[in-house]
Amino acid sequence: MNFENTKKEEYSAVSKALHWATALVIFSLVLVGLFMDEMPASPEKFQVYGLHKSFGLVVLILVICRLVSRFISPAPDALKTQAHWEHLLAKVVQFALYLLMLGLPLSGVLMSNAGGHPVAFFGLEIPALIEKDKAISKIMKEAHEIFAFGLLAALALHVAGAFKHFALDKDTTMARMMFSKSPVSALILFALTILFFGGVGYLLTEKEENEKKEASGQMPQSAEKQASQIDFSAIGKHGWAIVPEKSALEFETAMNGVSFTGRFQKFEGNIIFDPDNLESSKAFVRIDMSSAATQNDERDEQIVSADWFDVENHPQAQFETIVIEKAQGNRYIAVGNLSIRGVSLPVSLPFTLDIETGENGVKTAHMKGALGLNRLDFGIGQEEWASAKNVDTSVRVHISLTALQP
1 MNFENTKKEE
11 YSAVSKALHW
21 ATALVIFSLV
31 LVGLFMDEMP
41 ASPEKFQVYG
51 LHKSFGLVVL
61 ILVICRLVSR
71 FISPAPDALK
81 TQAHWEHLLA
91 KVVQFALYLL
101 MLGLPLSGVL
111 MSNAGGHPVA
121 FFGLEIPALI
131 EKDKAISKIM
141 KEAHEIFAFG
151 LLAALALHVA
161 GAFKHFALDK
171 DTTMARMMFS
181 KSPVSALILF
191 ALTILFFGGV
201 GYLLTEKEEN
211 EKKEASGQMP
221 QSAEKQASQI
231 DFSAIGKHGW
241 AIVPEKSALE
251 FETAMNGVSF
261 TGRFQKFEGN
271 IIFDPDNLES
281 SKAFVRIDMS
291 SAATQNDERD
301 EQIVSADWFD
311 VENHPQAQFE
321 TIVIEKAQGN
331 RYIAVGNLSI
341 RGVSLPVSLP
351 FTLDIETGEN
361 GVKTAHMKGA
371 LGLNRLDFGI
381 GQEEWASAKN
391 VDTSVRVHIS
401 LTALQP
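So in the working numbering the end of the sequence shown lands on 406, straight run, no missing numbers.
Derived by calculation from the structure, the hints in this document are not laboratory data.
Hints may contain errors.
Stated by the list, open to error - When the alpha-carbon atoms are kept at most 27 Å apart in a straight line, the in silico DSS-like pairs for lysine-lysine are as follows:
1. Lys45 - Lys138
2. Lys282 - Lys213
3. Lys164 - Lys91
4. Lys45 - Lys164
5. Lys45 - Lys181
6. Lys170 - Lys91
7. Lys282 - Lys132
8. Lys282 - Lys212
9. Lys246 - Lys170
10. Lys45 - Lys212
11. Lys132 - Lys45
12. Lys363 - Lys326
13. Lys164 - Lys80
14. Lys212 - Lys141
15. Lys132 - Lys246
16. Lys134 - Lys16
17. Lys141 - Lys213
18. Lys181 - Lys16
19. Lys266 - Lys164
20. Lys213 - Lys45
21. Lys246 - Lys363
22. Lys266 - Lys134
23. Lys181 - Lys138
24. Lys91 - Lys80
25. Lys80 - Lys141
26. Lys246 - Lys212
27. Lys326 - Lys138
28. Lys213 - Lys91
From a predicted model like this one, the values you see are computed outputs, not experimental measurements.
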């Protein structure tokens with residue numbers, strides 16, 4: 001392969017290949033990036049997001065290869081017919097292009113990392129560079145958009161300069177970077193570039209119109225609904241009050257092969273438990289399904305929709321025990337009915353329970369349990385989401401409760 005620039009008047013074959021490959025991927029990423037924002041939530045949308053990240057990393061690799069190639073095989077000398085200001089402007093635009101082509105994918109990776117979203121390179125998960133941080137994620141999102149529009153501006157200048165050299169100066173500036181010296185090839189490239197910028201303009205206009213429609217329409221109600229308070233007056237001698245800030249209800253599954261954890265931020269329950277009288281012990285727990293959070297805004301919006309939890313028609317899930325059985329040591333099994341989306345099924349919840357009494361006589365119970373569910377049994381994930389190819393049908397639920405007995 002020709003790495004060496006043997007003809008001083010043109011670029012090496014490797015430089016040409018890297019240049020056009022980078023241009024093709026970037027043009028495609030910009031169009032897809034604008035288009036995917038307007039896609040409705042679906043498995044295809046998440047797959048497009050994944051491919052967008054993968055090809056973004058391809059750009060990063062190509063740019064690094066281009067820099068190495070430039071070091072091995074320097075660019076040909078500027079044409080003698082080129083004015084000093086033109087040469088200087090070309091250098092500035094070239095520097096900006098390299099800076100933006102590096103900054104765009106890097107800001108995208110950091111945005112995903114800080115947002116708690118996995119980044120995979122065609123299925124191979126890449127270790128996160130930074131920890132989850134909502135503030136940094138917001139900053140990186142803005143930086144990603146700035147880099148994108150900056151790159152569009154730099155590309156416009158780059159193409160305008162190439163067209164000037166081709167149509168007005170009629171010199172060999174553009175031909176030095178092309179495999180074909182035919183003017184027809186150059187005209188085809190300019191036509192495709194015009195179509196690209198036309199597509200960008202159209203997608204930006206559509207995006208702006210959709211945002212105006214959303215702003216003028218009725219604002220969606222908040223997904224969070226205020227959970228009712230526990231009636232402490234109903235707690236009897238063996239009643240327990242859940243301490244929300246010290247309790248957690250989490251679920252774990254996988255999407256497109258990448259695992260994620262979500263949690264319900266609002267739930268409440270009435271618990272009567274006496275280790276010496278299990279026959280009279282019982283629990284009734286209510287879960288606010290709209291409070292589900294998975295550290296992904298788009299996923300959080302989708303999970304409460306009609307295809308998933310259908311919060312509009314089924315705002316709560318419920319678990320009610322039938323019997324609580326003693327196992328070994330501090331282990332118990334709660335057998336009861338779990339109701340989600342209007343479907344009620346029997347489940348067994350094994351759990352551990354430790355009770356301690358404070359100096360003031362108040363008892364504190366620490367309960368931990370877990371169980372496995374099949375989401376399809378409850379109708380969670382309709383239509384295209386029913387396939388395990390997109391979202392795993394197995395869900396692991398983890399419960400950690402701290403409760404007080406007055």
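Against the structure, the hints come out as follows:
At roughly 21 Å between alpha-carbon atoms, Lys45 and Lys138 fall within 27 Å of each other, so this suggested pair holds. Annotation: proposed proximity of Lys282 to Lys213 is violated, straight-line Cα distance about 50 Å (limit 27 Å). A hinted pair counts as satisfied when its Cα atoms are at most 27 Å apart, and Lys164 with Lys91 qualifies at roughly 16 Å. For the hint pairing Lys45 with Lys164, the CA-to-CA distance comes to about 40 Å; that exceeds 27 Å, so the pair is violated.
With a C-alpha separation of about 40 Å, the suggested pairing of Lys45 with Lys181 is violated against the 27 Å cut-off. With a C-alpha separation of about 20 Å, the suggested pair Lys170 and Lys91 falls inside the 27 Å cut-off, and the hint holds. Restraint check: the Cα-Cα separation between Lys282 and Lys132 comes to about 39 Å, which exceeds 27 Å; the hinted pair is violated. Distance restraint check for Lys282 and Lys212: the Cα-Cα separation of roughly 52 Å exceeds the 27 Å cut-off, and the hinted pair is therefore not satisfied.
A C-alpha spacing of about 74 Å is found between Lys246 and Lys170, which places the hinted pair above 27 Å, so the restraint is violated. For the hint linking Lys45 to Lys212, the alpha-carbon distance of about 22 Å falls within 27 Å, and the restraint holds. Distance hint between Lys132 and Lys45 is fulfilled; the C-alpha atoms sit about 23 Å from each other, no more than 27 Å. Distance restraint check for Lys363 and Lys326: the Cα-Cα separation of roughly 20 Å lies within the 27 Å cut-off, and the hinted pair is therefore satisfied.
Using a Cα cut-off of 27 Å, the hinted pair Lys164 and Lys80 holds, with the two alpha carbons roughly 16 Å apart. At roughly 21 Å between alpha-carbon atoms, Lys212 and Lys141 fall within 27 Å of each other, so this suggested pair holds. For the given pair, Lys132 sits about 22 Å from Lys246 by alpha-carbon distance, which is consistent with the 27 Å threshold. Taking the CA atoms of Lys134 and Lys16, the gap is about 41 Å. The hint is violated against a cut of 27 Å.
Taking the CA atoms of Lys141 and Lys213, the gap is about 23 Å. The hint holds against a cut of 27 Å. Of the pairs offered as hints, the one joining Lys181 and Lys16 holds, with about 13 Å between alpha carbons and a cut-off of 27 Å not exceeded. Distance hint between Lys266 and Lys164 is unfulfilled; the C-alpha atoms sit about 63 Å from each other, more than 27 Å. In summary, the hint linking Lys213 to Lys45 is supported, as the alpha carbons are separated by about 22 Å, within the 27 Å threshold.
Taking the CA atoms of Lys246 and Lys363, the gap is near 15 Å; set against the 27 Å cutoff, the hint holds. Proximity of Lys266 to Lys134 is assessed by CA-CA distance (about 21 Å); at most 27 Å being required, the pair is judged to hold. A distance of roughly 46 Å separates the Cα atoms of Lys181 and Lys138; the hinted pair therefore is violated under the 27 Å criterion. Restraint check for Lys91 and Lys80: satisfied, since their Cα atoms lie roughly 16 Å apart, inside the 27 Å limit.
A threshold of 27 Å between alpha carbons decides the hint, and for Lys80 with Lys141 the separation of about 43 Å lies outside it, so the pair is violated. As the CA atoms of Lys246 and Lys212 are separated by approximately 42 Å, the hinted pair breaks the 27 Å bound. Our distance criterion of 27 Å between C-alpha atoms is broken by Lys326 and Lys138, whose separation comes to about 49 Å. Between Lys213 and Lys91 the alpha-carbon distance is near 43 Å, which puts this suggested pair outside the 27 Å criterion.
Of the numbered hints given earlier, the model fails hints 2, 4, 5, 7, 8, 9, 16, 19, 23, 25, 26, 27 and 28; all others are met.
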